[in-house]
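Trainee: If you want the building blocks of each chain, they are given just below.
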Amino acid sequence: MKSAPAQPNLRKAALQMAGGGVVGLIGALSVSALLPEIRGTIAPGAVALLGVGMIYGLIGLMVGLGLVLPRVGVALLNVADREDLAEQRAVLTRSVITCVALGGALMLLALSGPTGRVPDTLAAGAMIAAVIVMAAVTVTQWPLYDELMRGVSMEAAAAMSTIVSVVVMSWAMLSHFGRTGPMDPLGLIAVLAGSLLLGTFIAAGRRGLMMPPQ
Amino acid sequence: MENRLRELREREGWSQGELARRLGVSRQTINAVETDKYDPSLPLALRMSRLFGVPVPDIFIDQWEPEA
Numbered sequence: 001m002k003s004a005p006a007q008p009n010l011r012k013a014a015l016q017m018a019g020g021g022v023v024g025l026i027g028a029l030s031v032s033a034l035l036p037e038i039r040g041t042i043a044p045g046a047v048a049l050l051g052v053g054m055i056y057g058l059i060g061l062m063v064g065l066g067l068v069l070p071r072v073g074v075a076l077l078n079v080a081d082r083e084d085l086a087e088q089r090a091v092l093t094r095s096v097i098t099c100v101a102l103g104g105a106l107m108l109l110a111l112s113g114p115t116g117r118v119p120d121t122l123a124a125g126a127m128i129a130a131v132i133v134m135a136a137v138t139v140t141q142w143p144l145y146d147e148l149m150r151g152v153s154m155e156a157a158a159a160m161s162t163i164v165s166v167v168v169m170s171w172a173m174l175s176h177f178g179r180t181g182p183m184d185p186l187g188l189i190a191v192l193a194g195s196l197l198l199g200t201f202i203a204a205g206r207r208g209l210m211m212p213p214q
Numbered sequence: 001m002e003n004r005l006r007e008l009r010e011r012e013g014w015s016q017g018e019l020a021r022r023l024g025v026s027r028q029t030i031n032a033v034e035t036d037k038y039d040p041s042l043p044l045a046l047r048m049s050r051l052f053g054v055p056v057p058d059i060f061i062d063q064w065e066p067e068a
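In order, the protein sequences belong to chains A and B. Following the working numbering, the numbering of the first sequence begins with 1 at its first residue and continues without gaps. Following the working numbering, the numbering of the second sequence begins with 1 at its first residue and continues without gaps.
Be careful, since some hints might not be right.
With a Cα cut of at most 20 Å, we get these calculated EDC-like pairs of lysine to aspartate or glutamate [claimed, not checked]:
hint	chain 1	residue 1	chain 2	residue 2
1	A	Lys12	A	Asp81
2	B	Lys37	B	Glu7
3	B	Lys37	B	Asp58
4	A	Lys12	A	Glu83
5	B	Lys37	B	Asp62
6	B	Lys37	A	Glu147
7	B	Lys37	A	Asp146
8	B	Lys37	A	Glu155
9	B	Lys37	B	Glu2
Quick caveat, the hints were computed from the structure, so don't treat them as lab data.
Only chain A is shown next, with the shape it has when bound in the complex:
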């Protein structure tokens, strides 16, 4: 006999959705506020990259806040209680480091270049550092993962690969037909970074990791 399905914690789900909404709103408002300042000085791809970088940064800050303030963390993050949060601390801390490093580097890169306000050397250094941090986190995080998280990581990579293929091939085809301009370098990085984020959300959602514990 199968047990009756447990009810999801709707209050927590609503809190998490509200938190996500606030993060998205802050990101959109921040990019909008910056647009008049940078209009005409950076390419359209850079605007997209700025938005993706902000989303990474805000996610990192939100998870970091949850780690620093466990009460907030239990309410906002996908953990059952403080004990669960403590057990997930090592993995979540690495996620925060990755998101903040990558998000910051993407934003600096978006604001650099011939007409940008950020020195190229600073943006390049931040990107190199972010890539090194991502590689180091991936290597050190893998042994901490159990079979579910390893599966989710691989599914996220597969989803990212599919999204990138569809977007880049469609864009290249339209550009070949003269229907759109060529993809600018920062636009390509925005597609890659954005697809990684989207792929992770898709893989995590399929395994129920976007919903609170039952």
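Here the structure of chain A is known, so what remains is to put chain B in place on it, guided by the hints.
Mentor: Chain B only, in chain A's frame:
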């Protein structure tokens, strides 16, 4: 795949975290299995079977029938 993991866990009076600790996996894995979002590996299914003292087919319900 449908399963009776939650029923078996609750019968023992364990939380998801407690069962996760006993099986050496994360609490998220237990939650994903209980909500039919994830089918565990064979080694993990065998560990569940030994822990609860019931055969794997009594935990995981597969509707498949071989063709006659």
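Trainee: Does each hint fit the structure? Answer for all of them.
Mentor: We went through each hint and held it up to the structure:
{"no.": "1", "hint": "A:Lys12 with A:Asp81", "verdict": "holds, 12 Å"}
{"no.": "2", "hint": "B:Lys37 with B:Glu7", "verdict": "holds, 16 Å"}
{"no.": "3", "hint": "B:Lys37 with B:Asp58", "verdict": "holds, 19 Å"}
{"no.": "4", "hint": "A:Lys12 with A:Glu83", "verdict": "holds, 17 Å"}
{"no.": "5", "hint": "B:Lys37 with B:Asp62", "verdict": "holds, 15 Å"}
{"no.": "6", "hint": "B:Lys37 with A:Glu147", "verdict": "holds, 13 Å"}
{"no.": "7", "hint": "B:Lys37 with A:Asp146", "verdict": "holds, 15 Å"}
{"no.": "8", "hint": "B:Lys37 with A:Glu155", "verdict": "holds, 14 Å"}
{"no.": "9", "hint": "B:Lys37 with B:Glu2", "verdict": "holds, 10 Å"}
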